[in-house]
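Please put together the full structure from these sequences, using the hints given.
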Amino acid sequence: MKITAEEVAHVAALARLRLSDQMSAKLTEQLNDILTAMDKLAQLDTSGVPSTNHALELTGAMRPDQARPGLDHQRALANAPDSDGQSFIVPKVI
Amino acid sequence: MEPHELTLAQALELLAKKEVSSVELTQALLARMEATEPSVNAYLTTTPELALEQAQAADQARAKGEAGPLCGVPAGLKDVLCTQGVRTTCGSKILENFVPPFDAFLVARLKQAGMVLLGKHNMDEFAMGSSTENSGFGPSHNPWDLDAIPGGSSGGTAASVAAGTSLFSVGTDTGGSIRQPASHCGVVGMKPTYGRVSRFGLVAFASSLDQAGPITRTVADAAAVLQVIAGHDPADSTSAPQPVPDYSAALGRGVKGLKLGVPAEFFVEGLDQEVEQSVKAAMAVLEQQGAELVPISLPHTDYALAAYYIIAPAEASSNLARYDGVKYGMSVRREEAGLLDMYLDSRSQGFGDEVIRRIMLGTYALSAGYYDAYYGKAGQVRTLIRRDFDQAFEQVDAIVGPVTPSPAFGLGQKVDDPLQMYLSDVFTLSTNLAGLPGMSVPCGFSAKGLPIGLQIIAPHFAEETILAVGAAYQEATDHHHKRPPL
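Respectively, the protein sequence lines represent chains X and S.
Everything in the first sequence is counted per the working numbering, starting at 263 for the first residue and increasing by one.
Everything in the second sequence is counted per the working numbering, starting at 3 for the first residue and increasing by one.
Stretch-level coverage of chain S by chain X, calculated; a stretch enters the list once three of its residues show a Cβ under 8 Å from a Cβ in chain X:
(1) 234 to 241
(2) 308 to 322
(3) 342 to 351
Derived Cβ-Cβ restraints for the label pairs, each shown as a range:
(4) Ser209/S to Met324/X: 15 to 21 Å
(5) Glu319/X to Glu271/S: 34 to 40 Å
(6) Gln279/S to Leu276/X: 46 to 52 Å
(7) Ser345/X to Gly340/S: 17 to 23 Å
(8) Ala271/X to Gly451/S: 44 to 50 Å
(9) Ala375/S to Ala275/X: 19 to 25 Å
(10) Pro297/S to Met263/X: 39 to 45 Å
(11) Arg335/S to Gly347/X: 16 to 22 Å
(12) Glu477/S to Met324/X: 43 to 49 Å
(13) Arg255/S to Ala271/X: 54 to 60 Å
Hint data in this document are derived by calculation from the structure and do not stem from the laboratory.
This structure is a prediction, so every number in the text was calculated from the model and none was measured.
Using N, Cα and C, we set each Cβ at its ideal position, and we do this for glycine too.
As structure tokens, this is what we get:
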């Protein structure tokens, strides 16, 4: 087993996902298959090879630090599930 | 010729000669949508009133001599692109009612150029998929065979261009999502170099791989659309500062003296015979036109799939953390439930199975104890893949080969086997890992009448070479003139 049902539950909690028992079982099986296929990577000797995080070597895209117009309150809140016109309203945290 | 059969260039010519107005053209395409949408389902949202308003404005602009390069031409766009005031779902229930407060950079460019927006195209949820079957709103169908997939994730877009409910369009490509559906629907699809087109307002899937590009009927049309959307955007710090050349100038260059690499690793067991025959016949056409075919090797091709399906889900798991039910999108709020419950319920009810699978895979690959073995390793393999291409391009000007291992498969055939579905992208995703431009050009049909595509790949920012090769091929062939039996 590459990944156990317990690990699937842990990863789901990290990813803020609530999985049904049926979905957990299916995902455990599918992730095992997929991770087994990924084992192919381990066959390659990559010692000393640097990692590529970006295909093009773009570094330090600088711009002047100037205030620019952004979204106003009305437009920023237009898609809010709940708001008072000034802020996003969320369920009680504490 | 019917209006829905026109290429972009033909439509622009008729508009310029005043043989048709934009309003007439738009009405004709809206009528075409009424006829074909019940069977193709290329659109998630249609905007007929807005389209007719924009068409009227386009006709007025043209009358005043102020026509932009796409003035008055109607088309839909992939629903991953933010359109101000027009619902943008990304194929997901979690964004079912999201109306963007701004336009994506490239949408603003297209509007400025005078396009008429007919609506938003269906796609795999968050661009994750190869068949549109992962759409939260039902799949699109291939116009050449309604029981076959149109490809994905830009499947609605490719199907719409093939069906004539868009005279051009723009899709996005993270691992093949422009080229694979273009190949399955018999249209041209071009993924430019990473960074050539700004990603501002393109809903993120995997930020180091995502790139938008044209889906059109001809290579010349792709050049015209790329001309409009390419360029630096200060709002996307990864967009390329390189100057944008005149792409149309490359169309007539021909292939004489060009060296075209043929990678041994693209012609392996598992490649469908009909695809192999069509692609080899296309290569022979290019050879007859003066290109030299050079056998090459991309030795790490076999590892690209595994590297991609670590890197893309890892980036996705991070990008999709923003869907939390707070600021926009689906928000499930139960009485007496707290903030954590809102996150859990909104995300679990809003995301479909494939998106959940990839978030899980990506979160796992990035989690403590596994990072080095998966994400770290995949990044190193990505370097090896990039070096393969660097070495190949020391010998050749471009690379040619198949786009997909087979013609379009049947709807429902691979939905229960994610790993099999991932193999659809085996020839396309290495170019995303390397940031290279690539194009699919129609190069024939299977015995069942399903389109097949030829892939052309070039070095960074060598879109002109791809356009020259594609245009030379279309000059000599007529696959792109065929229309589906709809």
